[in-house]
Amino acid sequence: MFDRIFESKITAYILIIVILFLAMGPIYWTVTTGFKPDMETYVFPPIYFPKHPTLEPFRLLFEYYPFANYVRNSIIVTLSTTVIVTVFGMFAAYGLSLYRFKGANAVLYFLVFTRIIPPLSLLLPFYIVVANLGLQDRLLSMILANIYLTYPFAVLIIKSFFDRFPRDLVDAGIVDGCSRTGVLLRIVLPVSATGIASSAIISFLWTWNEFIYAFVFTSTSRSQPVTVGCFDAIGDIFVSWNQICAGGTIAALPGILFVLFAQRYLVQGLSAGALKF
Amino acid sequence: MKVSDKTYGFLLNVPGLLIVVFWVVFPAGLLILTSFLRYNNLSPIVFNGLQNYKRLFSDRLLWISLQNAAIFSGGTTALTFIGGLLLALALAGIKTGSATFRSLMIIPWAVPPIVSGIIWKWIFSPDFGVLSDILMKMRLISAPVSIYSNTNLAMVGIIVADSWTRIPFMGIILLAALLSIDRELYDAAKIDGAGALGRFGYVSLPLIRGPMFVGLMITIMFSFRTIDIIIPLTAGGPGRATYVFGYLIYDQLIKTLNFGVMAAAGMLLFGITTVISMLMLSLSRR
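Chains as they are written, first to last, in my numbering: chain A, 1 to 277; chain B, 1 to 286.
Check each hint, because a few of them may be wrong.
[Said to hold, decoys possible] Okay, the calculated bits of chain A under chain B, using three or more residues with CB under 8 Å as the criterion:
id	segment
1	88-97
2	135-149
[Stated by the list, open to error] Calculated pairs, DSS-like style, for lysine-lysine (alpha carbon to alpha carbon, straight line, at most 30 Å):
id	chain 1	residue 1	chain 2	residue 2
3	B	Lys95	A	Lys9
4	B	Lys2	A	Lys102
5	B	Lys190	B	Lys95
6	B	Lys6	A	Lys102
7	B	Lys190	A	Lys9
8	B	Lys54	B	Lys255
9	B	Lys137	A	Lys51
[To be verified] Pairwise CB distance ranges, derived in the manner of DEER restraints:
id	chain 1	residue 1	chain 2	residue 2	range
10	B	Ile45	A	Leu140	23 to 33 Å
11	A	Asn132	B	Arg209	40 to 50 Å
12	B	Thr96	A	Gln136	52 to 62 Å
Hints listed in this document are in silico derivations from the structure and should not be mistaken for laboratory results.
A virtual CB, placed ideally from N, CA and C, is assigned to each residue, including glycine.
Excised from the complex, chain A in its bound form:
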């Protein structure tokens, strides 16, 4: 009897619906609040289905709050970091995976080790460096910090995909007159595109979602990203909760879109990277 309950599909589906409710409930609540007029935001008991959905909170957020700047800053920082990390990570992984050199293992251990250092521990030295280089309130400070935060993971993910690549194909490419870099670009890359995409998506999300470094390095909307903007909004008495939820929705949007449309890459990348840990 117990066995049948434990293993039945119905139990699994009930469990999934409960978990789905817990996972998506907070998201639903935030997104819908972002579309509510003030009247429906500040009531108790709360209104579960907005009666008069409106774009007003989004409009106010962009009109009276420098939210457009935040979005622009986030996009610049995130794209720059992702491109740099993915390109350098790809070359490094190619070398580590297919052209083993003396000390390759040391490099790998070192990369894993950097993942163990808590970013919060390095916040202070980073801050000192940024302050002394005059990079405070500059986008560059965040790009550099996020490279440190994402690069080791990117190399490890991409390498785990390159490791599965048959060595014979590389040799065949060389025999056919391709240079080693040519083999990477023409033969290895197309086949390992999934790995590159996984790494790029995860780097993108981590950078977009990063808060502490950005919060400490920046001070004005000239350089603050969306995450810092959202945090600022909750301390601002002129910003109401439906606007904050609208801002939160925008900040969470890239993550939600990547999960919905590129879930396969995320899952593969995370499992590959995590198990290499």
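Chain A is already provided as a structure; the job is to place chain B on it using the hints.
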């Protein structure tokens, strides 16, 4: 000129290594150095030996924050593991709609932690909170509850919020491990008379052990130092109820501007993290 394969492999790693050396080794060295300096923006920077560490360890707040971080991390890891395991078992048990459900379940992981903190602040709101309303409709409470005025509830609140963001990752790791188990092993166990729980305990559990420890290690390590979600949610309060160790480090930079003590605290965090990861690694290999 054509370099040998080995040299080529090394050359490819040079740019990345330069970045990492400059952005990891140098800051790490600076952290160690700063932890031995009197560096507080008030007086000239001088070497002062172990004074920062002495000051750190004699601060009552350190022990409070370490205790809070341990409770927070322990609670989060336990809840995340239970949630992640249930999620993985449920998803492994179905075929129809599995991919869609998996996508939806991962969403909390992809939301910026600071936004998760804001989301939960809104849900926990004592005046307009949806959670109070749901609990009241379920007749579990009779009036809206505020987590911000009760020390225990505040801790539970941040544990729930943080676990919400971590369960998907744990679920992904455990699901991948569960799906890689050979079905024939279950059939064999069934023939040998093992019940559902027996099959889980004797077949699944030993085979997902490795990934499970990795998931647990990552959850413990990351939740121990998390502050993104706590900053908007409770800001360490009420009183010091949710003032975790990470917050102590953060406050040295934001409030007290005592860089020397902050570096010492950063070293301590690094030490604790290393010990946790070593312990988990040795456990997973036993």
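Against the structure, the hints:
Counting residues of the segment 88-97 of chain A whose beta-carbon sits less than 8 Å from any beta-carbon of chain B gives 7, enough to reach three: the coverage restraint holds. Chain B is given as covering the segment 135-149 of chain A, and this holds because 4 residues of the stretch bring a CB closer than 8 Å to a CB of that chain, at least three being needed. Proximity of Lys95/B to Lys9/A is assessed by CA-CA distance (about 9 Å); at most 30 Å being required, the pair is judged to hold. Between Lys2/B and Lys102/A the CA atoms are separated by roughly 18 Å; this keeps the pair inside 30 Å, and the hint holds.
A distance of roughly 21 Å separates the Cα atoms of Lys190/B and Lys95/B; the hinted pair therefore holds under the 30 Å criterion. With a C-alpha separation of about 7 Å, the suggested pair Lys6/B and Lys102/A falls inside the 30 Å cut-off, and the hint holds. Straight-line distance between C-alpha atoms of Lys190/B and Lys9/A comes to about 18 Å, which keeps the hinted pair within the 30 Å bound. Note on Lys54/B and Lys255/B: the hinted pairing holds, with a Cα-Cα distance of about 20 Å set against a maximum of 30 Å.
Restraint check: the Cα-Cα separation between Lys137/B and Lys51/A comes to about 21 Å, which is no more than 30 Å; the hinted pair holds. Range check, Ile45/B to Leu140/A: about 26 Å between beta-carbon atoms, so the 23 to 33 Å window is met. For the pair Asn132/A and Arg209/B, the supplied restraint of 40 to 50 Å holds, since their beta-carbon distance comes to about 47 Å. Thr96/B and Gln136/A have their C-beta atoms about 54 Å apart, which keeps the hinted 52 to 62 Å range intact.
Every hint, counting from the list given before, is met by this structure.
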